Amino acid sequence: MPQDQAPPAPDPHPPPAPSEAVLETLRRRLARLEKLYSRNSNTVAATGCAALDQFLPAGGFPCGALIEFLAPDDGSGAVGLALLSARQACRQGKPLVVVDRAGQFYPPAAACLGISPQQLLIVQPHSQADEHWTINQALRCTGVGAVLAWPGTIDHRSFRRLQLAAEHGGGLGLLIRPPSARREPSWAQVRLAVEPLPGGTSRKRRLRIELLRCRGADGSRTLEVELGDEKEVRQWHIPSPDIFAT
Amino acid sequence: MKRILCLWLPEVCGARTIGLGVHANIQHAASFGVGCGDSVQVANPQGSEQQSWPETLQQLAELCRQFSPTVGVIAAELPDSLLLDVTGSSHLFGGERALVGGLVEQIARFVAGNRVAGNLANQSPRCALTRSAPQVHGAIAHGAIADTPGGAWAVAHWCTAGGWPAEWLCGPGRFVIVPPGHTPAALRRLPIQALRLEAQTIAMLTSLAVRWIGQLEALPRSELAARFGQQLLDRLDQALGRLEEPILPLRPMMRFAAELALCYPTSSREHLEAILERLLCQVVGQLREAGCGAMQLRCHLRCTSQHRAIAYSDTIASTTASTMGARMASTMASGDAADTQTLRLELGLFEPLCDAAQLLQLLQLQLERLRLPGMVTAVHLEAATTAPLANQQARLFAAEPTGGDRRQLAALVNRLCARLGWQAVLGVRLRPEAQPELAFRYVPLVVPSLEDPKGTAQRQHSQRSGSRPAFGGGTAFPVDVHRAAPGAGVQSRAVWDELSIRPLRLLRQPVAVELCFASHGLCGLAALATPRAAEGALLPQFRWRGRVYSVRYAWGPERIETGWWRGQAIGRDYYQIETTTGCRLWIFRQLGDGRWFVHGLFD
Numbered sequence: 002m003p004q005d006q007a008p009p010a011p012d013p014h015p016p017p018a019p020s021e022a023v024l025e026t027l028r029r030r031l032a033r034l035e036k037l038y039s040r041n042s043n044t045v046a047a048t049g050c051a052a053l054d055q056f057l058p059a060g061g062f063p064c065g066a067l068i069e070f071l072a073p074d075d076g077s078g079a080v081g082l083a084l085l086s087a088r089q090a091c092r093q094g095k096p097l098v099v100v101d102r103a104g105q106f107y108p109p110a111a112a113c114l115g116i117s118p119q120q121l122l123i124v125q126p127h128s129q130a131d132e133h134w135t136i137n138q139a140l141r142c143t144g145v146g147a148v149l150a151w152p153g154t155i156d157h158r159s160f161r162r163l164q165l166a167a168e169h170g171g172g173l174g175l176l177i178r179p180p181s182a183r184r185e186p187s188w189a190q191v192r193l194a195v196e197p198l199p200g201g202t203s204r205k206r207r208l209r210i211e212l213l214r215c216r217g218a219d220g221s222r223t224l225e226v227e228l229g230d231e232k233e234v235r236q237w238h239i240p241s242p243d244i245f246a247t
Numbered sequence: 208m209k210r211i212l213c214l215w216l217p218e219v220c221g222a223r224t225i226g227l228g229v230h231a232n233i234q235h236a237a238s239f240g241v242g243c244g245d246s247v248q249v250a251n252p253q254g255s256e257q258q259s260w261p262e263t264l265q266q267l268a269e270l271c272r273q274f275s276p277t278v279g280v281i282a283a284e285l286p287d288s289l290l291l292d293v294t295g296s297s298h299l300f301g302g303e304r305a306l307v308g309g310l311v312e313q314i315a316r317f318v319a320g321n322r323v324a325g326n327l328a329n330q331s332p333r334c335a336l337t338r339s340a341p342q343v344h345g346a347i348a349h350g351a352i353a354d355t356p357g358g359a360w361a362v363a364h365w366c367t368a369g370g371w372p373a374e375w376l377c378g379p380g381r382f383v384i385v386p387p388g389h390t391p392a393a394l395r396r397l398p399i400q401a402l403r404l405e406a407q408t409i410a411m412l413t414s415l416a417v418r419w420i421g422q423l424e425a426l427p428r429s430e431l432a433a434r435f436g437q438q439l440l441d442r443l444d445q446a447l448g449r450l451e452e453p454i455l456p457l458r459p460m461m462r463f464a465a466e467l468a469l470c471y472p473t474s475s476r477e478h479l480e481a482i483l484e485r486l487l488c489q490v491v492g493q494l495r496e497a498g499c500g501a502m503q504l505r506c507h508l509r510c511t512s513q514h515r516a517i518a519y520s521d522t523i524a525s526t527t528a529s530t531m532g533a534r535m536a537s538t539m540a541s542g543d544a545a546d547t548q549t550l551r552l553e554l555g556l557f558e559p560l561c562d563a564a565q566l567l568q569l570l571q572l573q574l575e576r577l578r579l580p581g582m583v584t585a586v587h588l589e590a591a592t593t594a595p596l597a598n599q600q601a602r603l604f605a606a607e608p609t610g611g612d613r614r615q616l617a618a619l620v621n622r623l624c625a626r627l628g629w630q631a632v633l634g635v636r637l638r639p640e641a642q643p644e645l646a647f648r649y650v651p652l653v654v655p656s657l658e659d660p661k662g663t664a665q666r667q668h669s670q671r672s673g674s675r676p677a678f679g680g681g682t683a684f685p686v687d688v689h690r691a692a693p694g695a696g697v698q699s700r701a702v703w704d705e706l707s708i709r710p711l712r713l714l715r716q717p718v719a720v721e722l723c724f725a726s727h728g729l730c731g732l733a734a735l736a737t738p739r740a741a742e743g744a745l746l747p748q749f750r751w752r753g754r755v756y757s758v759r760y761a762w763g764p765e766r767i768e769t770g771w772w773r774g775q776a777i778g779r780d781y782y783q784i785e786t787t788t789g790c791r792l793w794i795f796r797q798l799g800d801g802r803w804f805v806h807g808l809f810d
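Protein chains in written order, with the numbering used here: chain H, 2 to 247; chain C, 208 to 810.
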C-alpha cells in the first residue's frame, strides 16, 4: 500500500468516484473469493431467533464454522441462545454433541428448549487436552449437527485446528467462553458478546448481543433481543427419530 | 419315522434325579469341574437364541455334532439333556447300538479330559465312585432313542427305572433303545412326570390318583383340556408322536481370537502395532466368516518386568487404574512367574465393526497412552462380544469417502470411547421424576467393560430379554422408558409438559448461600414475586461464590416434595430469580429448616 501512495505526481486521469453499484460488485466478488476457501460457508443455519437472523449479515450462522459466545458464567442466557441455533442445525435428526467437562449440563432443560434427548450425545472428558481433542473429533464428524462446548482457554494452534475441523465436518461449533477471552485472537467466524439485561416481570429473557466479529459485518454492532417465547420453546416432543437406534 | 436320541447328563448342570415319584435335588455341578455357572435357564422356544447354556452343555453339543447335524434341547425345567436327531444317520455309524457305543465312549473321554484338567478337588462322591469303578464310567451318560423328542426325553430320564426289555438295553451304561413304533407302548408305563408338566398339574393329577401316562391317555381328552389346559394334551401328543415338537438347536460356539508368542520380546510401539495388525487381520477374518462384527475387543499383552521394575510397574498399575477407570487395568498374573505381568486393553464399540484398519486405529488410541512395564512376550487378541453385522455395500476403493452420516457417527463414538473410556460417552434418557437431579439418566453408548459387575448384569439382561438394545448394534442397554412401551413415553412427556422451565446448568450438589440481609433476607422472596413489592428499596441479597447478588425479581415458588419412598425425602420451594445484573439463578428454600440453596443457573 505505501508504494501506491508513493508517487507524488497527480494522476492525469483520475479514476471515477466509486459508485454504490461498483462497490456492490466488488463486495460480491470478494465474497465469492472467500467462499473458495471454505467449503461449507454457502449454507447458513438460522439462529432460531428472528431478530438475530436479521442482525447477522448472512441471515444466520454459517455452517461449518465456529461461533463464539462470550458471556459471564452466572446465568447469562448465552447457552440458551446457543442451543436455539443448535436446534436449528440439528433439525434433520443429527445429534448435538455436548462436551461437558464440568458435568453440569442439564439435559431436561435442553429438552424444554426443543432438543430431543435422543439427539444428545454427552461427552465428559477429564482433562483439557482430552476436551480439545473431543471437540475437534466431534466437529470433524460429518454426522454431527452441532457441538456445544465450554473450552476455556484455547491456544492459537488448537483454535485453528478446531476451525479446520468445523469446516471439514460442516456442523456448528458453539463455544461458550468467558468475557475475558475478548482480548484473545480468535479463529471463530462469528464472535458474539452476550450480556443479560434485567427484564420486566415476564419470564422472557432480555439479552444484549454485541457482534464483535463476523464476516461481512461493518464494525461492531449491538442488538437487544428478547428470548423465551414459551409456545415456541415447548415444541420438543415433535417425534424426532432416535439417531442412535438402528 | 423320526429317530431321536436323548442324552441325559444329570451331572452337567446340577440336575434333578427323578425316580418313580421320588424327587431329590442333587447338585452335581461341581463334579465336572466345568462350572455350570449361574446361567441355568428354562428353555423357551421363543428366545432360545439369546439364552446362555451351561458351558459344559455347549461343549458336549459340539462333541455330539459329529453324530448328527441337529443337536439341541427341548423345553424342560433344567437344561440337562441334549437331543440328537439321528434319523437316517445311524447307519453311518453301523446302526443305533454302535452309534450309542461311540457316543458314550466320546463322552467318557471328554469327562476324563475335564478331570485331568485339574478339577480333582471339587469332585463329588458320585464321581469319585465313577472313577474308582471303571466299568460304570458310562453311567454318566444316560439316554434313550425313541421316535419323538418328548418320548426320548421321557425314556432317557427313566432309563434307570428298570423293567425295560433286555434287548432294548444297550451300551456300558444305561441306554434304552426303543424300537421304531414302540414309543407309545414304552411311554404308557412311565409316570406322568415324564411329560415335563408343571408341578401344579402333577400334584393335581396325583391327588386324582392319575400316576401313569397310560392312565392319563385313557381319560377323555375334552375334559383334560378343560381342567388342566392345553399344555397337558400338547405334551402328551408330542410324546406320542401325534404332534410335532421341534428341537431347539444349540448353535456352535464361536471364539474369535488370535495370539502370538514373540520369540524376541519387544517394547517398541511400531513392532507392537505391526503385531496387532496381524492378529487383527486374523480375528477379522474369523469374524467375517461368521458374518459378525466385534462389539468388544480385548487385548492382553504379557510383559516381563525386571525384578527392579516390579515396584515401578505397580505404581503404573495404580495410576492407570485411577486415571482411566476400569477400562485399562493392569494385573499381576498370580499363577505364573512373579515377574510376568499382563496388561489388558479393552475396546468397546458402538456398532459391530469388522474392519481391521479401523480397529487398529482404535487400539492405537489406547496403546499410545499405555506405559509398558517391560518387554512384551506375548500378545493375545479376542473379540469378547460380537453381534451380527448389518450388510454393507463394499467399497470399491479404499479412499472413497465412507458414506452415511450414521456410520460416521458410529466411528466418532468408537474413537471417543477408545480414548476417554465408555463412562465418558453418554446418551440421555429422561425419567418421569419430580426431583430435578433424578429427572434424567445417562446411558453408556458402548458395551461396558467386562470387569464391571453392573455391566455384566446389563449384558445378561439383554441376552435374556432378547430385545435389540436401544443403541447401536448388539450392545446391552437397559430397556428405557421411551422405548419400552409407547404409553410410558407419553406419560413422561406429559410430566415434562407440566413442568416449568429448567436451568441449563444444574450444580451437582445444591450449594448453601449466605444471606446478607438478616432483617429482610430471602424470606421476602415470596412477597417479591408480586409486582408491587419489586419497587421496594430493600432488595434481598445473598452471597454465593464470593459475590453478592441482589434479587430483582422472583418467579415461584414451585414446590417439589418427593423421594420419601427412597428414604431421602426432599421438600423444596424452587424460585427462578433474576438479579439486578440480569443473571438468572434457580434457588430453593429447604422446607424443614428454611435454608436457601443455589441449585442451577439459567445459562
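It is worth saying that the hints were derived from the structure and are not from the lab. Any given hint might turn out to be false.
Subject to a maximum C-alpha distance of 25 Å in a straight line, what follows is the list of computed DMTMM-like cross-link-like pairs (lysine to aspartate or glutamate) [what the hints assert, rightly or not]:
#, chain 1, residue 1, chain 2, residue 2
1, H, K205, C, D441
2, C, K209, C, D546
3, H, K205, C, D444
4, H, K205, H, E25
5, C, K209, C, E303
6, H, K95, C, E589
7, H, K95, H, E185
8, C, K209, C, E374
9, H, K205, H, E21
Computed from a predicted structure; not experimentally measured.
Against the structure, the hints come out as follows:
1. H:K205 x C:D441: violated (68 Å)
2. C:K209 x C:D546: Not satisfied, since the Cα-Cα distance of roughly 59 Å exceeds 25 Å.
3. H:K205 x C:D444: violated (73 Å)
4. H:K205 x H:E25: Distance ~39 Å between H:K205 and H:E25 Cα, so the pair is violated.
5. C:K209 x C:E303: holds (13 Å)
6. H:K95 x C:E589: violated (33 Å)
7. H:K95 x H:E185: violated (32 Å)
8. C:K209 x C:E374: Judged against 25 Å, a Cα distance of about 21 Å means the pair holds.
9. H:K205 x H:E21: At roughly 41 Å apart (the allowed maximum being 25 Å), H:E21 and H:K205 break the hint.
Violated hints, in rising order: 1, 2, 3, 4, 6, 7 and 9; the structure is consistent with all others.
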